[in-house]
Amino acid sequence: MTARVWAFALRSLVRQPGRAILGILGVAAVGALLFDMLLLSRGLLVSFRALLDSAGFDVRVMAADAPVLARPRIADAEAAAAAIRALPDVDELVSLRLGNATATGADGRPQDVFFLGADAQSRRRPWILLEGQDLGAVGGEPSLVINRQLAKGMGLRPGTEVTLRGDCTRGVPTAAPPVRFRVVGVAAFPFDDPKAMTAGARLADFARTCGLDEHGDVDLFLVATRGAGAAAAVRSIRALRSDLHAFSNEEIVARFQQVGFSYFRQISTVLSSITLFFGFLLITVLLTVSVNQRFAEIAALRALGFARRRVVVDVLAQAVLLVGTGGVLSLPLGLLLARWLESILHAMPEIPENMHFFAFEPRTLVVHATLLAATAVLAALYPMRLVSRLPIAATLRSETVT
Amino acid sequence: MSLLGILYLFSTAAAASPSPVAEERRAPAILVSRQLLASEHLAVGDVVTLSADPKGARPREFRIAGVYEPVPDPARLGAAPLEARLHLPDLMDLTADPADPIASDSVRSINVKLTSANDGEAFARELAARVPGILVRDMAAPDDSDVTFVVLDRFHLAISLVTVIASSIFLLALMVMLVDERRDTVAILRLIGLRRRRIFIQVLAEGLVIALAGALFGVALAVGLEGGFNRFFQWRYDTALVFVRVTPAIAARAVSVAVPLGIAASVAASWSLLRRGAMALARR
Amino acid sequence: MSAPVVEARGVTRSFPMPAGPVVAVRDLTVSIAAGELVAICGPSGCGKSTLLHMLGCVDAPSQGQMLVDGVDVSTLGDAERSAIRLSKIGFVFQRFFLLPMLTAAENVELPQAEAGAPRADRRKRTMELLDYVGLAHRAHHRPSQLSGGEAQRVAIARALANRPRLLLADEPTGELDQATGQQIVGLFERVHADGTTVVVVTHDPAIAARSPRVLLMRDGRLENGAAG
Numbered sequence: 059m060t061a062r063v064w065a066f067a068l069r070s071l072v073r074q075p076g077r078a079i080l081g082i083l084g085v086a087a088v089g090a091l092l093f094d095m096l097l098l099s100r101g102l103l104v105s106f107r108a109l110l111d112s113a114g115f116d117v118r119v120m121a122a123d124a125p126v127l128a129r130p131r132i133a134d135a136e137a138a139a140a141a142i143r144a145l146p147d148v149d150e151l152v153s154l155r156l157g158n159a160t161a162t163g164a165d166g167r168p169q170d171v172f173f174l175g176a177d178a179q180s181r182r183r184p185w186i187l188l189e190g191q192d193l194g195a196v197g198g199e200p201s202l203v204i205n206r207q208l209a210k211g212m213g214l215r216p217g218t219e220v221t222l223r224g225d226c227t228r229g230v231p232t233a234a235p236p237v238r239f240r241v242v243g244v245a246a247f248p249f250d251d252p253k254a255m256t257a258g259a260r261l262a263d264f265a266r267t268c269g270l271d272e273h274g275d276v277d278l279f280l281v282a283t284r285g286a287g288a289a290a291a292v293r294s295i296r297a298l299r300s301d302l303h304a305f306s307n308e309e310i311v312a313r314f315q316q317v318g319f320s321y322f323r324q325i326s327t328v329l330s331s332i333t334l335f336f337g338f339l340l341i342t343v344l345l346t347v348s349v350n351q352r353f354a355e356i357a358a359l360r361a362l363g364f365a366r367r368r369v370v371v372d373v374l375a376q377a378v379l380l381v382g383t384g385g386v387l388s389l390p391l392g393l394l395l396a397r398w399l400e401s402i403l404h405a406m407p408e409i410p411e412n413m414h415f416f417a418f419e420p421r422t423l424v425v426h427a428t429l430l431a432a433t434a435v436l437a438a439l440y441p442m443r444l445v446s447r448l449p450i451a452a453t454l455r456s457e458t459v460t
Numbered sequence: 189m190s191l192l193g194i195l196y197l198f199s200t201a202a203a204a205s206p207s208p209v210a211e212e213r214r215a216p217a218i219l220v221s222r223q224l225l226a227s228e229h230l231a232v233g234d235v236v237t238l239s240a241d242p243k244g245a246r247p248r249e250f251r252i253a254g255v256y257e258p259v260p261d262p263a264r265l266g267a268a269p270l271e272a273r274l275h276l277p278d279l280m281d282l283t284a285d286p287a288d289p290i291a292s293d294s295v296r297s298i299n300v301k302l303t304s305a306n307d308g309e310a311f312a313r314e315l316a317a318r319v320p321g322i323l324v325r326d327m328a329a330p331d332d333s334d335v336t337f338v339v340l341d342r343f344h345l346a347i348s349l350v351t352v353i354a355s356s357i358f359l360l361a362l363m364v365m366l367v368d369e370r371r372d373t374v375a376i377l378r379l380i381g382l383r384r385r386r387i388f389i390q391v392l393a394e395g396l397v398i399a400l401a402g403a404l405f406g407v408a409l410a411v412g413l414e415g416g417f418n419r420f421f422q423w424r425y426d427t428a429l430v431f432v433r434v435t436p437a438i439a440a441r442a443v444s445v446a447v448p449l450g451i452a453a454s455v456a457a458s459w460s461l462l463r464r465g466a467m468a469l470a471r472r
Numbered sequence: 002m003s004a005p006v007v008e009a010r011g012v013t014r015s016f017p018m019p020a021g022p023v024v025a026v027r028d029l030t031v032s033i034a035a036g037e038l039v040a041i042c043g044p045s046g047c048g049k050s051t052l053l054h055m056l057g058c059v060d061a062p063s064q065g066q067m068l069v070d071g072v073d074v075s076t077l078g079d080a081e082r083s084a085i086r087l088s089k090i091g092f093v094f095q096r097f098f099l100l101p102m103l104t105a106a107e108n109v110e111l112p113q114a115e116a117g118a119p120r121a122d123r124r125k126r127t128m129e130l131l132d133y134v135g136l137a138h139r140a141h142h143r144p145s146q147l148s149g150g151e152a153q154r155v156a157i158a159r160a161l162a163n164r165p166r167l168l169l170a171d172e173p174t175g176e177l178d179q180a181t182g183q184q185i186v187g188l189f190e191r192v193h194a195d196g197t198t199v200v201v202v203t204h205d206p207a208i209a210a211r212s213p214r215v216l217l218m219r220d221g222r223l224e225n226g227a228a229g
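Line order of the protein sequences matches chains P, V and E.
Residue numbering for the first sequence follows the working numbering, starting at 59 and increasing by one per position.
Residue numbering for the second sequence follows the working numbering, starting at 189 and increasing by one per position.
Residue numbering for the third sequence follows the working numbering, starting at 2 and increasing by one per position.
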């Protein structure tokens, strides 16, 4: 469309500024909601995937495909770990044990913490060190890395000491004596929620704190792959140990998408559809009423020599201007709205702090623009048809008579 | 007593060769969830083997005496509940650690139904004091899953608010167009002597009728769609959960929001018409 | 006699209605030569506006032929007929139909822009036309700021924008008082004197009296003067 066409369409809209502004604001509001629903439809997926990938592990191996609390441990863990490490697709493997503990600081106040024990011989860790040092591979006094919440809550920092009494056997208290740890570092644990108090130790120290066999069962293997990638590594592990359950990050994300995130996908689909329909209705009504009020004018333009195509394109240009302007406004509105909705949803318990419901991807902009463009065109179809089929002479006659 | 846990199912014996009646009589009875029955292609009367060990150690045979529909858990939407229910002694026999002398006398939890539900908190406190070391929880008290649904409720409310704002803008746009079309009529009415107040009352009355009719239509539409939504999602997730329920309170809330908004939009749109003089309105 | 600018040969125009077809123009033949000033008169409902619309390629006859510069327009598509209206025919309406969101100058520029004239040429021609109709000083006023007579003069300037061979006017003084109406008729005479063929539909006998040729219509037929 030429600049002349756009300029004329703009003048036509501006002649009734109230309507034009309301149309643009209406599209901006529904466009903002649409944008947020598009963000929500993949936000958890993208965010969860990023969390899984953050520590550098792309396969997880468990004893059973069951929720954490009901899941048995991997028996003969050392032998299983050695066999899996020997696979050509496996770069590194970290054994992980999960439990709880009660921490007691210098002031004697107890604090429940989420306690995990990790194989410290590998380069990679299931946490990201922020301050201080990481756990040493072997030997030395029992050392601990803690998260910021725990550091702040108990006034701990690298170099301070804390005592832990383990509770690692799913509600059954242990008779093991408390163990004094030295805090060596502060780390970010990817799956911590904002209130989580988390501490990580070497496997041997974990076992000692929890009164367990140091060479005993573990909860999980974290595997970093190389070469042919995660899918190949999963196949190799399944072929080697069919009794274990290996999942790549892709597979875990796909499962969550199917189950855990299902509600958000559904609601984003439903609300996206409703907002698009709403926008379509608003623009169709605005343009149709505007065209109806301008029949005489349009007939006069046709009589003066404006081709049918020209007046039809004018209606389309108005729709594009309304939806386009509203669509552009909807982006900052949508981002603000997403922040608000995110703050509401983050109040859910046990949602990792770094998990986001609304995650931005460039493709979201493309999808948003495409949907709005399609809405503009569809909304303009009926008024375009009215204008296209306008009988010039009859309209001029009836306008003169009335 | 409710029985928890997902048990590991290993084999079905009935399909290959019918079990002897005596064998069926010896095998204790269990119930399986409808989803488990379908997923493992079982039938009532089949004899199955269960083990609490991932490697299948210490298996026991059980006869499927019936199938039940698990209570739908909204927190586990999309996950098929593959469950079985056993008599407590059978479950304890199956899951007890032979090395643990008190295993056959240990359970994970005990559910208690009180004569009065309001006594939950007091009962929990007293029991915790009498039996140290156990965790007693009043089920009426909010827990994490309640918080989840409170958060979702707030989320839905936030979405509703945005939708109401967008609808209000649409409504205002429609009213502005309606009013614009009636400019000549209002001009003539004013010219023949009708006062502003009279026209304002007319605008108010029209706004009320449109808003009420629209709100009631909206509620009727919601009630009409409710069944469809529920049926679709119940089919999609294979669950008995009810997803949408339009209660009288919700209908009343919708009407109480829509009607004032409709009236306000009508008055706001007509304001410039009412303020202007008759001659100004009539001038082309 | 010069060649006809526009010709109607045996044209009939009927409109289907629920109660039966209404024939607005019946088997009418007329030819308008270049340089004529013609008034079409008749009582209300006699078909004069319908005839004018067919002469201006705004409406097509149910039967018969319409020729503009010798070309049968019924064989042309909408785009071609629109192009003829844009370049060869100018229309003036009873209710002016100026675009309210454009100034007087912009209204006059509009058909020129549509015909692809360069901006500088458009502006020059627009000011010339507004001066011609005596409204150069109101170029930047919107139609709502003009009187009825002024608005109609702007409409005439717009109709002349692309130098049409034929100017058609449908009851151009219908919304105006007598004095203003006479001014408009005077303007049409001036346009005619400057070489444009002018056809005016009117039921005002005073206007008909100032036209060299008057076509009388009744019940869809010409009572006189098929050819000029």
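Think of the hints as simulated: they come from the structure by calculation, not from any bench.
Ideal Cβ positions, reconstructed from N, Cα and C, are used throughout, including at glycine.
Treat each hint with caution, since some may be false.
To be verified - Where chain E lies over chain P, by a calculated footprint (3+ residues, C-beta under 8 Å):
1. 364-373
2. 388-400
Said to hold, decoys possible - Okay, the calculated beta carbon distance ranges per label pair:
3. E:Ala-207 with V:Gly-465: 49 to 57 Å
4. E:Ala-207 with P:Trp-64: 30 to 38 Å
5. E:Gly-187 with V:Leu-400: 45 to 53 Å
6. V:Asn-299 with P:Gln-169: 27 to 35 Å
7. P:Asn-350 with E:Ala-194: 57 to 65 Å
key: Cβ distance range 49 to 57 Å for Ala-207 (chain E) and Gly-465 (chain V), holds or violated   = violated (37 Å)
Please check whether Asn-350 (chain P) and Ala-194 (chain E) have a Cβ separation lying inside 57 to 65 Å.
This hint is violated: roughly 42 Å between Cβ atoms.
Cβ distance range 30 to 38 Å for Ala-207 (chain E) and Trp-64 (chain P), holds or violated: violated (46 Å)
Cut-off 8 Å, C-beta pairs, minimum 3 residues; does the coverage of the region 388-400 of chain P by chain E stand? This one is violated; 0 residues, fewer than the three required, reach chain E with a Cβ under 8 Å.
task = Note whether the CB distance of Gly-187 (chain E) and Leu-400 (chain V) lies within 45 to 53 Å or breaks it.
result = Between Gly-187 (chain E) and Leu-400 (chain V), where Cβ atoms are some 60 Å apart, the hint is violated.
key: Coverage of the region 364-373 of chain P by chain E, judged on three or more residues with CB within 8 Å   = The restraint on the region 364-373 of chain P holds, since 5 of its residues have a Cβ under 8 Å from chain E and three suffice.
Range first: 27 to 35 Å. Now tell me if the beta carbons of Asn-299 (chain V) and Gln-169 (chain P) are that far apart. Since Asn-299 (chain V) and Gln-169 (chain P) have Cβ atoms about 31 Å apart, the given range 27 to 35 Å holds.
Hint compliance for this structure: hints 2, 3, 4, 5, 7 are broken, all remaining hints hold.
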